[in-house]
Structure formats: structure tokens, C-alpha cells
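If you read the protein sequences in the order shown, they are chains A and B. Our numbering numbers the first residue of the first sequence as 1 and each following residue consecutively. Our numbering numbers the first residue of the second sequence as 1 and each following residue consecutively.
In short, the hints are calculated from the structure, not lab data. All figures in this text were calculated on a predicted structure; none of them were measured in a lab. A portion of the hints provided could be inaccurate.
Stated by the list, open to error - Not everything, but these chain B residues come out facing chain A in the computed CB check (under 8 angstroms): (1) 6; (2) 76; (3) 139; (4) 169; (5) 222; (6) 235.
Don't be surprised by glycine CBs; every beta carbon is placed ideally from N, CA and C.
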Amino acid sequence: MSFLHDPKRLIATLIAGATGLLVLIDFAGPVGTISAVAQLLVNWAALVTALALLVGLLNVVLSHIRRVMRRNADWGYSVVLLGAMLAVIVSGTLIGFVPGGYVLYPTVLAEQPVRDLFRAFYQPLAASFLALLAFFGLSAALRALRRRTTDSLVILVVAMIVLVVAALPQLAALPYLNDTVNWMADFVALASARGLLIGAALGALVAGIRVLLGFDQPYLDR
Amino acid sequence: MSLPSETLFLLVLVLAVIGLTLWHHARVLAGRNPFTLRPLPGLDLMRRALARGAETGRAIHLSPGSGAVGGRASTAETVAGLLVAERVAAEAALNGAPILVSSGDAVAHLALRGSLRQSYQRAGLGQDYDPVNVQMLAHQDPMAYASGVTTLYGRQKLEVSQFNGSFGQEFLLAGEVGAQRDVPQIAGATTTTALPLVYLTADGVLVGEEIYAAEAYLARTTAPQARLLTQDAMRTAVILVILILLILALFGWTLPI
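Only chain A is shown next, with the shape it has when bound in the complex (with noise of 0.2 angstroms):
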């Protein structure tokens, strides 16, 4: 059914793209009256963001205790997940404890307690996957060249040159290979890169502007 026989959908849609454009127009340039506005508008956002990241924290805490409960597969996991949330929150909300003492009703999360926190355990668990990704990328360098399709075996192969041309310097005295290298990077991989670029930005331009118009609708909820 058109949007313009469905009065919901219909003024979803005019307040949707009355708000995109004006925000829009504020990007392009400031233009008096509607500066203010889309600023306004803009702040709105970041507080539904906020309240979304509560839903989502909700939907996070239901889903594992749900698993907890009935004891699926891995719910010990889902008990480390709810436990490590809680110690976030209230170290960073309540109380939390620092050499010496313990700080009460922390004012911003970069005070000490949920500032040591991130430290003594994201940061390494967050180098540590960095780390995995060289592993990961040679194994599925090594099934790439099991499939033998035309696509992974090229993308190796220029892998494989551009990485022994980086790692091993005396290889750029050879005549030609580190000038071919440097084309192939300033020319073909960089108008490659632009071709690309320019291709989804056009993409996105026309995705926003079926927003605007209601085309798409990706922000109704009935």
C-alpha cells in the first residue's frame, strides 16, 4: 500500500525526510535559523542514541540470562559475560577501587576504576584478536590456494610480491621491481581504490535521498 494512504506511515516519512534535509542543508553550509535547528535535531539523536544503547544493553542481559537458565551450550560463558557487565557498571556508576582506597559515584568513566578496568583486561583482549588476524589471514591464505579460484589466487600472488618487496629491502637494487611495485600501487591499485570509492558513494548518495523520500523506510517500526 502507498505511504500517502497510510497516515502512520505518511507522517513517519514527512518528519523523516524534513529532518534529513534539514540536516543536510546545515552540513552543506550554515544557514541562520536552520543551524539551530538541525543542532537541536542532532542532540535529539544523541540522546535516542543512548536510550537505544540501554535497549540494546537489555536485549544483552536478557539473551544470557535466558541461556543461563536453561543451560545451553556454553552458558558458563554467558554467566562471564553478565558478570563482567555488572563490574563495569558499577565501578563505573557506584563505586570502584583504587590503590588506596576506593572512589565513590565515579563522575566520568575515565576516572581510575573503570579506567583500570579497560586497561588490565580490553586492551590486551583487544590486541590479542588484533594479533589472531595475522594467523586467520594465513590460514585462509592457505585454503585460497587449495580452492585455486582466479580471484583469491591473484589477490595472493600481489600479497605475496608486495610482502617480500617491504620485508626484505635489498630486493628495491633489483633493476625494475621496485619501480613496477610503485607504479602498480600509485596507478592501478589507487584508480582501482577511486573507481571504488566514487561507486559507493554514489550508491550511498542515492540511498539517502530514497530515504529522504520515503522509498525506503528502514526507521518504521509497526
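Once you've looked at the hints, dock chain B against the given chain A.
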């Protein structure tokens, strides 16, 4: 009130694209100049999975990525992922195939819940919608999101897993685990960081603007195909401008900027 020149230029461009969009929408609805779609093998994989999912009972996993709705770099890609998720959910609701959706952003999570509920209601199967199948795995933390997806792979056998949205290097974590577990994967990305990883690990690949076209390919009606006409027209215009400027540059003329 005088507008800055950048504002005027942007408004003119937006008006031109609005005009093109409306014109192409009217053309498609009127059925004028029917065109054939360039085949996208990745989406054929999804169509087959939708048909099989109803028989096997295995879930179809959808992901709009770990990008934020509101972030300048990732909003458009995440919206493309939301639209594709809505289309696939509508087809799955009609076929009876189960759906599992994961998100890496709180706002995208809310939008996904609404989109999926809409899809099931439009299919007349609102009672089949289960919010448990829409899971938020992380919030604006790509590596945490990717590791959450690997957990989903470990918990249940999936018919297919589609990643269509904003991805970076974290895709390798989820994609490689999926490939090791023989999960058929379709992935679309617009960044040079993610695309090689997609080619190495996914069975179906959507490159760049194809992630925006995917929604039109999966739709049952022809109206969404108007976006393809608009994208093609704009791409043609950009190519012509580049060629004209190239020829002018060969004759020594440059833009006075």
C-alpha cells in the same frame, strides 16, 4: 538570505538526484523500457538458501555490520544492510525459513527489530516474529562484534550467513571461522581493507555499490529496481565528466579551483 556557494551546489545536486529518483520510480511503475539485471552470483546463493532454509529448518544469518547509524563513514552502508535484511526477512517469512540477525550497533539493533517486525507483519505472519532472533552482539566495537558472530557459528548450523554493510579488517575473524566451519557466506563491502578478505573467505561477493543494489535484486516487486536506474544514470554522468575533464586536461585546460 543568501546561501553559501557550497550549500547551493549541494542543494542543486540533491534536487537533481531527487528528480532522477522520482523519474525512474515513475518509469519503473509504468513498466516502460524494461531492463535485464546483471547477474550477481552472490545473491543467487541467497535465493537458493531461502528456498532450502524452509526445508532444512536451518537459520539464515543476516548482518548489517558493525558500523554505526549516525557515523559519517558507516551510516549509508549500515542502512543498505538494514534494507537487505528487511527484504530477506520478508522472503524468509513467506517461505517459512528461520532468520537470525545480529548487529554491532545499538541504533542498528533497534532499526533491525522494527524492520523485521514490519516484514513479518506485511507477510501476514506477525505472530511468527520472535525478537529473540535479533541479537545485539556488541556496540561500535568491530572486533567484539566479529567474535560474537563466531560464537553464533559455533552454537548452531546455519543455512547461509550474509554480511552486507559496514565492515573492516574484523571481517576476517568471522569470515575465516565461517569458512572453516563450511558455512556458506555472502559478503559485501565497500572498503579496500575488507574486500580482499571477503574474496578469500566468502562464497559470494558483493563489491562496492552492489551492496546498495542487493535490496533491489532480492525484492519481489519491480519498484525497488528504480534505484538501479538512478545509480546507473549517475555513474554514467560521472564517467562522462571524468572523460571530458581528461580530454580537456590533455589540451592543457585545468579547472580554475
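Exercise for review: Return the numbers of the hints above that this structure violates; sort them in rising order.
Suggested key: 5
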